[in-house]
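Student: Given next are the chains, with one letter for each unit.
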Amino acid sequence: MMHHPLIGTPQDRVDGRAKVTGTARYVADFETGAEVLHAHVLNSAIAIGRIRRIDTTRALAVPGVVEVFTHENRPRTAWFSSSYKDDVGPPGKPLRPLYDSSISYSGEPVALVVAESYETARYAANLVEVEYEAKPHETDLLKQLPNSYVPKKRRSGINPPPRPKGSAASALESAPVKHVARYLIAAEHHNPMEMHATTVIREADGKLLIHDKIQGVYASKQYVCSVFGLSEDKVRVVSPFIGGAFGSGLRPHYQLFLAVMAAMALERSVKLVLTRDQQFTIAHRPETWNEVALGAKPDGTLTAIRHKAIGSTSRYEDHQEAVVNWTNLLYSAPDVQLEYELVQLDIETPTDMRAPGAPLGAFAAESAMDELAEKLGVDPLALRLHNDTQTDEVMNKYHTSKELRAACQLGAERFGWRHRPFAPRSMRQGRELIGWGLAFGAWEAQMQKHAARVMLDAEGHCTVGVATADLGTGTYTILAQIAAEALGLSMNKVTVLLGDSALPQAPVSGGSWTAASAGSAVHDACARLKAELLLAAQTQRGSPLVDAKLEEVMFDRERIVLMRDPMRAVSLQAAFAAGGRPRIVADGQAGPDQLTQLRYSSHTHSAVFVEARVDEELGQVRVTRAVSAVAAGRILNPKTARSQVVGGVVWGIGMALHEEAMADHNLGRWMNHNIAEYHIPAHADIHEIDVIFAEEKDMLTSPLGVKGLGEIGIVGTAAAVANAVWHATGRRVRELPMTIDKVLGLTPAHTEAR
Amino acid sequence: MRPFHYERPRALEEAIAGKTEASRFLGGGTNLIDLMKYDVERPASLLDLNRLEGLREVERDREGTLRIGALVSNADAAAHPLVREHHPLLADAILAGATPQLRNMATMGGNLLQRTRCYYFYDRLTPCNKREPGTGCPAKEGVNRIHAILGTSEHCIATHPSDMCVALAALEAVVVVRGPSGERRIRTEDFHRLPGDAPERDTTLDAREVVTAIEIPARLYGRHHTYLKLRDRLSYAFALVSVAVTMEMQEGRVSRLRVALGGVAHKPWRVPEAEALLEGRGPEEARFGAVADRLLQGARGYGHNDFKIGLARLAIARALHQAAAATPQSHVAKRIA
Amino acid sequence: MPDDLSPRGPETVALTLTVNGASHALRVPAWTTLLDLLREGLGLTGSKKGCDHGQCGACTVILDGKRVNSCLVLAARSDGSEVRTVEGLASPDGALHPLQEAFIKHDAFQCGYCTPGQLCSGVALLQEGHTRTEDEIREWMSGNLCRCGAYPNILAAILEVARKEGRA
Ligand SMILES: Cc1cc2nc3c(=O)[nH]c(=O)nc-3n(C[C@H](O)[C@H](O)[C@H](O)COP(=O)(O)OP(=O)(O)OC[C@H]3O[C@@H](n4cnc5c(N)ncnc54)[C@H](O)[C@@H]3O)c2cc1C
Ligand code: SF4
Ligand code: FES
Ligand code: FES
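Chains as they are written, first to last, in UniProt numbering: chain A, 1 to 754; chain B, 1 to 337; chain C, 1 to 168.
Hints in this document: simulated from the structure, not taken from any laboratory.
Fair warning: this is a prediction, and the values are worked out from it, not measured in the lab.
Here a beta-carbon is modelled for each residue, glycine too, at the ideal position from N, C-alpha and C.
All clues given are correct.
Facing chain C, from chain B, some residues (calculated, C-beta under 7 angstroms):
{"#": "1", "residue": "MET1"}
{"#": "2", "residue": "HIS5"}
{"#": "3", "residue": "PRO100"}
{"#": "4", "residue": "LEU102"}
{"#": "5", "residue": "VAL332"}
Distance condition first, Cα-Cα at most 30 angstroms in a straight line; then the derived DSSO-like pairs of lysine-lysine:
{"#": "6", "chain 1": "A", "residue 1": "LYS308", "chain 2": "A", "residue 2": "LYS153"}
{"#": "7", "chain 1": "C", "residue 1": "LYS164", "chain 2": "A", "residue 2": "LYS639"}
{"#": "8", "chain 1": "A", "residue 1": "LYS639", "chain 2": "C", "residue 2": "LYS105"}
What follows is a list of derived Cβ distance ranges for each label pair:
{"#": "9", "chain 1": "C", "residue 1": "THR133", "chain 2": "A", "residue 2": "PRO75", "range": "54 to 62 angstroms"}
{"#": "10", "chain 1": "A", "residue 1": "ALA18", "chain 2": "B", "residue 2": "GLU21", "range": "47 to 55 angstroms"}
{"#": "11", "chain 1": "B", "residue 1": "ALA286", "chain 2": "A", "residue 2": "PRO164", "range": "52 to 60 angstroms"}
{"#": "12", "chain 1": "C", "residue 1": "GLY21", "chain 2": "B", "residue 2": "PRO180", "range": "42 to 50 angstroms"}
{"#": "13", "chain 1": "A", "residue 1": "LYS207", "chain 2": "C", "residue 2": "GLY43", "range": "18 to 26 angstroms"}
{"#": "14", "chain 1": "A", "residue 1": "ARG52", "chain 2": "C", "residue 2": "GLY21", "range": "55 to 63 angstroms"}
{"#": "15", "chain 1": "A", "residue 1": "ASP140", "chain 2": "B", "residue 2": "ASP190", "range": "39 to 47 angstroms"}
{"#": "16", "chain 1": "B", "residue 1": "ASP293", "chain 2": "A", "residue 2": "ASP86", "range": "56 to 64 angstroms"}
{"#": "17", "chain 1": "B", "residue 1": "ARG300", "chain 2": "A", "residue 2": "ARG414", "range": "47 to 55 angstroms"}
Could you build the full structure based on these sequences and the hints that come with them?
Tutor: Below you can see the structure in the form of structure tokens.
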């Protein structure tokens, strides 16, 4: 009489009702009405230089304006220590808003207007007069490529390229077949639908209740406490719902600083919602240049891999990503040289954006593999499988598991890959050429140190608390599943609380580690809770479970049941009565296992297949079909898991066809800083997306066997689209996005430049 | 937004009398409110036209001229049976633009008068001759993917972003306007202007005139028409290049051809000499290239938008093909016919 | 155009508005948009601001039976109008609108931020009858961006309701 398993079954989101009725509260939804002050930021018009004069007189004269903060009058209470660094911050010094008169990128905040209404603040901000002394700036990555450098200090959490193996140069020299090409990916902006915002509520006792758009409330809390010198009990950060972030909320951004500064100085509650245009002043995926060289024997065996990437960063921080390592992680070769360098520009520091690094490197490497397959005259899937690695050749470790081949097979079958003609331009319908392309992808499966608390009462109501965030990732739902299954409860008896710094500590949610880490911590807490409950049940006089061990019982429908003799059971109520406590609280922990990590590396893998239809004359591309086959360990909730991968594929299509932040290098400024002109896929751009999960047993990565799904969907997709466009048209586009002009070859390629 | 005085005139005369250089008529507001939020438009007062009577009709007179009131929403115009039956080109062009929500708000008059989407024009922290005469035109050497290739001046290379207006140009529509001195009819061609040395002026409309209607003469192009729009995503994006065509046929010959281009100039672009190249002949594909070349004569790119010349050439040929084959482009099915 | 740059406050306008069946008599600064009025004035924060410029659809509400971007509607202009927001889709007894049910069933959202706009747009779309084919739904829902990429699931949800109502 086993109860129905919940883990692994498709479950509707537990926060679904709140989201479809408009009751889920995001940062800006808190504190409406007249009490709260509204703030608006004025951003710099120049890229580099200093503010010579800033005049706020007219802004201050607007009725309803409470204060205008600039570097000249900002409160000294703010403690701008240069030692503060956030968890995921790269080497360097984080931006210090309104610190002094110097400007280090176009869009840096220069003033904050605080007023009784939002419209008043926005209006008054336009009355602030600023005179600048501009210095020459440089925002052009391609121009600065010759000045690239290897970052002196590595960013924690990012593996720099490994030492070269053998000599890629000489192996390439003597390779019977080789392919060398350059690939360029435009800068992208995260543009979550919810704009970055902070609502600071100043409570009667002077404590701050902060709602911040962040991927982990502790990051905001630590920032505020350390930057403003506040003790921990003075600050609570509560952000139950985040309207997407995709990495843009991994670090606290300037709106948090400014809102808290204003609230403290004015002793009022303050709401600061950035504009859509200002989303382009906080974070982006760096424009990245790649060169890939592959050498192979005539049978397709790779003899050499060289992959070099150069990414852009700001002048004040060395933002780093893992761009090139994936190539050797996926493909084996005796001679390998991987290099990653940076170029400093007068721009804001780039920030991790969905699968940071991976789709950039994958676009280059997976395009290159396709080009090599063409030269070799072999099927691109066959070439990939032929060179597929069995171990992690980058770190010299075993894989905890790698069912890429199984995924690939399922994906190829679903897609119908074997019907693909080898030659490009072989399929057409009317005036559209049809092409099929594929790519592989990989992403790290990580565990982070996580804590969780689970509370159960005699009525079987369970509350799970973790300070992590649900960014749309489905965390609320999977944690409810885990607790409900562990405790033998139905889902509706479990309440999950997230995004509150009063809850047990969790890192920012990102890198696809939340399901594995938070899930394992909840699982651990439940195990402890069960042990306590069993103990309580055993104190009952004549307890039928008196000699039972924890492994011998199961929790089912609010009872503790001895598995070998289900007639022997104690109800939760009886156990609680016996224990004499109205509720039991248990804390759980989870974190990476050091020993496992030494020997193993753990990744999710995918094979993505794409059909593109390209108008032969006009170059309009339509991605009409995609199959993403994923091996990612245990799937907790196939419904939300599928959505995560679908979302990743949509991102990949956007990266391939639409997304591009365009900079005016004369002004040193992004110019299409809005979402009418920075294009993300619209509904009409997205057709069928099929997701397949290959079975993958992995008990080494995390106690739950989970690997995480937030990033893997995007990784290979852009490359697969490029490969499909090539297969359709015979034209190889090595620069993203592949806008109509590039597909038609009407815009000269930059990648020939070096 | 700057503070403004909000007024709701009860009659057209009142609206006209109240209009000054510093005030703006409010139609759907989808462009005006947008620009006010960006501090680009700073009207001292808004004259809300939405309650006015008599500007919401769609009618057809005995000569077959279709008259659409200035306050008819873009959505209603595109869905109106008279429009669908007699000028499907107009419906198609409207539906190729913006979104259902925006089209529900946007009015015919407002659509005609919407301003450029030039990035610099929208960004008050950059120079722009159109926004602030005399400050310069950074687009020429800057980011100009969406900019003009025809009819530009050293002062401005912006485009007019409307889809609807491109169809109106091909339909030889007339804009009916009313001012203090009475009614005027302006051919669409003459309604929008080239930037020249006064890029701050988009149209030939006088500051005190209001658009009351759009009139479209009867044309018998049947299914020989198309609105082909190429853009950076398949919906909810402005045209990189668009082509509106009506091709009237008589006994297998083109009796009248009208071609207008969008996304390439400060106004919908027409070249009668180009149209004449096909008139009186069969719609021979071989000649489409010549028509395109004539339309694009004098075109020049500014860097990012160089591709538009080649793209427009291809698009014109294809649109002519669609019109000749009576297979107008669907805005729903994204495959290009 | 002469620029009046003298700092001053906004003028106010009076209006009446029926929101989800409840009528309100209000006085607001003339520059108030319908979206800000709903959110900050009436505390109806279901409608979302994703751009404030008509570029995303998150603020979509149904105004006098038609879907519009409430961020570009001046509140003053909607004097005398009826507005339906996401808060008004379910019936007063809490029973969800069929499209809300379908959104949950098909997992038609992730972060949920675009969802109120998608729902209002979808409800209007069903009324309009633009649900005959998948392509038609895609095109007529393109005014609602979803950065999480829930599009295929949104399509499935709308299609299901359209089929049930005999509109597909
Ligand atoms: C994100 C976005 C995407 C868009 N995409 C497209 C697209 O792809 N294709 C496209 O064609 N358009 C597109 N549009 C533009 C849209 O079509 C226009 O904003 C709309 O047509 C303007 O009409 P309106 O009634 O709202 O004008 P308003 O904003 O009310 O007015 C615009 C101007 O016209 C003046 N005006 C209005 N009515 C009259 C009148 N009767 N007489 C005299 N002056 C008048 C106003 O004073 C103002 O200066 C888009 C808009 C947005 C915001
Ligand atoms: S193209 Fe015209 S609108 Fe754009 S910056 Fe130049 S002058 Fe201004
Ligand atoms: S907030 Fe209105 S369309 Fe984005
Ligand atoms: S669900 Fe997140 S933007 Fe649509």
